[in-house]
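Trainee: Sequence:
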Amino acid sequence: MESLGKKLAKRIILPNKLKNISSVLEIDLEDSNNYIDTQDIYLGVLTKQKLRQLFETGDISQEQYKEFHDAAHYFFKSSLKYIKHKFPLNDDIIVNAGWVDVLDRENSKWEQVHCLVCGKKNLYKKFRNISNEVIVDVYIEKNLLISPGSRCCSIHLYQSSKSINQIKITGFTREQFIEISESLDIMRNSIQRSKTQVSAIYLFWVKTGLDQLTISMFFNLDPEFDISRLVQQVRESLTINFVPNNLSVNHIQRNKLLKNNSLIAKEIFETSDDQLILIADGTYCYCQKSRNNVFQRKTYSVQKKETLGIAIRDMYF
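The opening position of the sequence shown corresponds to residue 1 in the numbering used here, with each subsequent residue numbered one higher.
Please keep in mind that the hints were generated in silico from the structure rather than gathered at the bench.
Quantities reported herein were computed from a predicted structural model and do not represent experimental measurements.
Cβ coordinates follow ideal geometry from the N, Cα and C atoms, glycine included.
Some hints could be false.
To be verified - Heads up, simulated SDA-like pairs for lysine to any residue below, C-alpha to C-alpha not over 25 Å straight-line:
#1 K6 to L54
#2 K50 to R151
#3 K19 to K120
#4 K142 to N220
#5 K81 to I60
#6 K195 to Q232
#7 K66 to E26
#8 K66 to H85
#9 K66 to L14
#10 K50 to I36
#11 K195 to Q253
#12 K207 to I146
#13 K256 to I279
#14 K10 to R52
#15 K120 to C153
#16 K7 to K48
#17 K10 to N33
#18 K120 to I36
#19 K81 to N33
Said to hold, decoys possible - Using C-beta positions, here's what the derived DEER-type ranges look like:
#20 H85 to G44: 22 to 28 Å
#21 E270 to S228: 46 to 52 Å
#22 E30 to T214: 52 to 58 Å
#23 D59 to K7: 26 to 32 Å
#24 G149 to S32: 32 to 38 Å
#25 E67 to I252: 26 to 32 Å
#26 S32 to S190: 46 to 52 Å
#27 S190 to F269: 21 to 27 Å
#28 T208 to C118: 33 to 39 Å
#29 D273 to N143: 34 to 40 Å
#30 K256 to D226: 38 to 44 Å
#31 L276 to C118: 35 to 41 Å
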């Protein structure tokens, strides 16, 4: 632990101050004269190069550049304070200590953190964990499920708590959305995207009809991300697993459909009890057979393979 303390101290303490001490426990952390200038603390070559690049390209401002160094300085200083307070360990602590295998990485992974609300990556400000109370409120009010452990910028939680509540992507309830996501059996979760994410993207595309670039910006995706390929994969998976169990003519028995025939419909069409009444709606299906635009928009075309909406009396598809 003494070795770790020395490594931390070298990052923020002046070299001439370290020469006069035998242990990091002797460092006066309250004396500001012992510290290196914040802009000169050691962060690593790659980190400094990346920060300098972001600053020179205008991606971060001078204030944000300084905030990052201040945050790093605060971290190193707090770590040294912790070491001074907790160490050296006495015999009782060592005897009762529990050991952790640092080589066991089976359940660990690295993920780049994004703000849940605005989608921005933030290297210099702290994200805030979204509390369970907020998660419950958002789900009850907006039918939006937020994963436990999600984070967002502090401004969204404390200065504008409605920012999260205003997000409503798919238009489905939590149970409906989970059911759709779980039906994507032929798709697998990956580092780039999960089945939940692709479900949200697909349902958002179906609901809004926006172009791929707008969808990429909305979900903070790389502009080169192939939305069309993703949509095609989701469509194929839903066709195999979801449609046969929820939308096709085979997913429900005929006698159950007959129960939805209304008395008025039977009288109008003079049908018997065992005759099923269906409503076929092709209002929004397009046809290229006619030059008449009005007729074209009202006609169903088998050649175009547009979907014809078929429902029973209570509009169950």
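Trainee: Regarding the pair K66 and L14, is the alpha-carbon distance no greater than 25 Å?
Mentor: Given pair K66, L14 holds - Cα atoms ~19 Å apart, limit 25 Å.
Trainee: Is it true that the C-beta distance of E30 to T214 lies inside 52 to 58 Å, as the hint says?
Mentor: Hint holds: Cβ distance 53 Å, inside 52 to 58 Å.
Trainee: Check the hint pairing K50 with R151 against an upper bound of 25 Å on the C-alpha distance.
Mentor: Roughly 24 Å separates the two Cα atoms, so the pair holds.
Trainee: CA of K81 to CA of I60, is that 25 Å or under?
Mentor: Outside the cut-off at roughly 30 Å; violated.
Trainee: Between S32 and S190, does the beta-carbon spacing fit 46 to 52 Å?
Mentor: Given about 48 Å between the Cβ atoms, the range holds.
Trainee: Can you tell me whether the CB distance of D273 to N143 sits inside 34 to 40 Å?
Mentor: Hint holds: Cβ distance 39 Å, inside 34 to 40 Å.
Trainee: For the pair we were handed, K66 and E26, check the Cα-Cα distance against 25 Å.
Mentor: violated (29 Å)
Trainee: In this structure, is the beta-carbon distance linking L276 and C118 contained in 35 to 41 Å?
Mentor: With Cβ atoms ~51 Å apart, the hint is violated.
Trainee: Tell me if the straight-line CA distance from K207 to I146 falls inside 25 Å.
Mentor: Between K207 and I146 the Cα gap is close to 20 Å, so the pair holds against 25 Å.
Trainee: Do K256 and D226 keep their Cβ atoms within the hinted range of 38 to 44 Å?
Mentor: holds (41 Å)
Trainee: Can the restraint linking K195 and Q232 be considered satisfied, given a maximum Cα separation of 25 Å?
Mentor: holds (14 Å)
Trainee: K81 and N33 were given as a pair; does the straight-line alpha-carbon distance stay at or below 25 Å?
Mentor: holds (17 Å)
The structure does not agree with the numbered hints 1, 3, 5, 7, 8, 11, 18, 25, 27, 28 and 31 stated previously, though it agrees with the rest.
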